[in-house]
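J.: Sequence lines, in order, name chains C and W.
When we follow numbering that gives the first Met the number 0, the leftmost residue of the first sequence carries the number 0, and every step to the right adds one.
When we follow numbering that gives the first Met the number 0, the leftmost residue of the second sequence carries the number 0, and every step to the right adds one.
Hints may contain errors.
As the list claims (entries may be wrong) - Listed next, the in silico BS3-like pairs over lysine-lysine satisfying Cα-Cα at most 25 Å (straight line): (1) K164/C <-> K15/W; (2) K109/W <-> K40/W; (3) K15/C <-> K291/C; (4) K15/C <-> K15/W; (5) K291/C <-> K240/C; (6) K15/C <-> K164/C.
By construction, these hints were calculated from the structure, which means they are not laboratory data.
In this text the structure is predicted, and so the values were computed from the model without any measurement.
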Amino acid sequence: MDLSPYRDLFVSEARKHLSTFSELIVQLEDSPNDSASIDELFRHAHSLKGMAATMNYEQVVALAHLMEDQLSRIREGNYRLPPALADILLEGVDTLSRMVSAIESGSDTHEDTTRLLGQLEAFRPETEARSPLQGDLPEEEAQESAALAPREFREKDAFQSVRIKTELLDHLVNITGELITNRHYLAESIRVAEATECHKPLQQLTTLLRSLRDEVFKARMLPFTVIAERFPRLVRDLARKQGKEVHFQLTGKEIKLDRGILEEIAEPIVHILRNAVDHGLETAAERTAAGKPGSGLITLTVIRDKEHVEIIITDDGHGMEPEELKLKAVEKGIISPEQAARMTAQEALNLVCAPGFSTATAVSDISGRGVGMDAVREAVHTLSGTLAIQSQHGQGSRFILRFPLTISIIHALIVQCGSFEIAFPLNVVTRTMELQPSDIRKESGGATFLYEGVALPLRRLRQALNLPPPAGAEAAYQAVVVCHVGTSLLAFAVDRIFGQQEIFVRPLRAPLSLLHGVSGATVTSDGRVLFVADAAALA
Amino acid sequence: MSRTVMIIDDSLFIRKILCGILAENGYTVTAEAASGIEAMKNLRTSHPDIILLDIILPDSNGLDLLASIIKTCPTSKVVICSAIGQEQVMKKSLDLGATAFIQKPFTPEKVADVLKSLED
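The following block holds chain C by itself, in its conformation from the complex (with noise of 0.2 Å):
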């Protein structure tokens, strides 16, 4: 019988057990007396080995059976986990994982397992711990193990869902995206040519294509644990690495977002939780001189609202002090003395965005890139999104990243700049203002006028976008964009203020990827391309 029709299925499946598998053995070091969850994982090591016998998968069945033996012991012993055997079985659900890629790519490589198949053999729970899992557990404890309802593990797989490639996704999108534009210009062309009777098809038209845009986009979400399912795993071997206690707690991972967010967050959500355990958290010995916990608390809790989706890593450590981050930002000559002078403790405690301000170049393991603080801010600005940071001292830091639900589809203020149509997302716009040429004051630092009784510097779109300044006489008024960058407010002049729209974002490749303040672009129905403004980089 051919069995590679098969294959698909059996990768998919495979990977369900193998993310469960390593989520319950992080889950379990946490509650080592939770003996439902060692049957589970017995389970889900056995599943996967009877899957891998049908396809004759004989490595996946060798390493898989030797990971349900050692299961099977301590399910019989009653012993608890030790952590030098979830070490053991966590490097064996991330072999089986590179196994099951290469059964998916159809690639013959074959991993070189008998080191770990001879650690699987040789290990005894005895030589470890011997600690048996019932009877010395103080009577609290065993009966919040045993209130914990059975979780279910097995998915109900009916004809219900289908399985489409990505790309097919990414096309709906895109040709929703074309739709969207194209209503603007057919309304445009209705309004011109005063033809009335098209009205009501136009708003029938309107409606159906905002419910195809919402459909689109709901197809394209996809549940946070997606990317969340190697967080708890990445903490705990981080932890262990330092020596140091952390419990971590994951909330809201049901939550959806757009798969193109999801993509670009979990790299900068990696580097935080990185930056929490190895800078944040205290060792035990230190924890416990300052009158607190000997194991530190990591939270990382996703909340959505109708627009947009809160993503806050918490921990509880000795938090950042604004002076000391000041005076290391003057050593590094990123600010003047006089600067750091007058900045308040929020603005200092945004200095470790700055670049270079972090010491720490660590190369990240899972990209190979060097990542800091710096690039997570902007991660997080490319996405519409921003990051606000809180924190005090001695008693730990918040880490806030706001995203708007989908990236793709924004809307937009449309401004004219010299021959250019330049679109300011309209989650930076503040509001619009029509300014008289007596209201701008020129100061030696550059323009300013009085906004809300404060000075606001006005930058001019043309110079920011080195574009020429305009010919002709001075206008008898200036348009004006007001924008909030970070925390601050700031102005940009430009030629004329078009309206609002709706577009379709496509990210900008090289060369164009090269331009300044420029984040994305857009193609009109009628050919003109219209670029999207990063506020942030104009600033």
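Put chain W on the given structure of chain C with help from the hints.
T.: Below, chain W without anything else, positioned relative to chain C:
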């Protein structure tokens, strides 16, 4: 006439591969179910000749489900699919009225052999 089969297993992979094996051996799979509830809903309206039942399902006690199936479809032959290490359950299943069992992990040949034994 080809015989009709229903497959009850929570793994889509197992269901599909069983479908393939059954088709190659001239059987017609008339229904699939991923859970006990789904299975019972289906069995109220159709009675296949053979029912392949995974004894470990997310929402049911396998033995209770087996008893309900036998009560609902007394003419269907029930084949239990179960893993090594479940010998006790297998024995109880046969006592309850299951006709045969297929041990997981299975090969296409093993499945075909068990099905053939039902014909005799």
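J.: Now look at each hint and say whether the structure bears it out.
T.: Now the hints, each set against the structure:
no. : hint              : result
1   : K164/C <-> K15/W  : holds (20 Å)
2   : K109/W <-> K40/W  : violated (29 Å)
3   : K15/C <-> K291/C  : violated (38 Å)
4   : K15/C <-> K15/W   : holds (17 Å)
5   : K291/C <-> K240/C : holds (21 Å)
6   : K15/C <-> K164/C  : holds (18 Å)
The earlier numbered hints that this structure contradicts are 2, 3.
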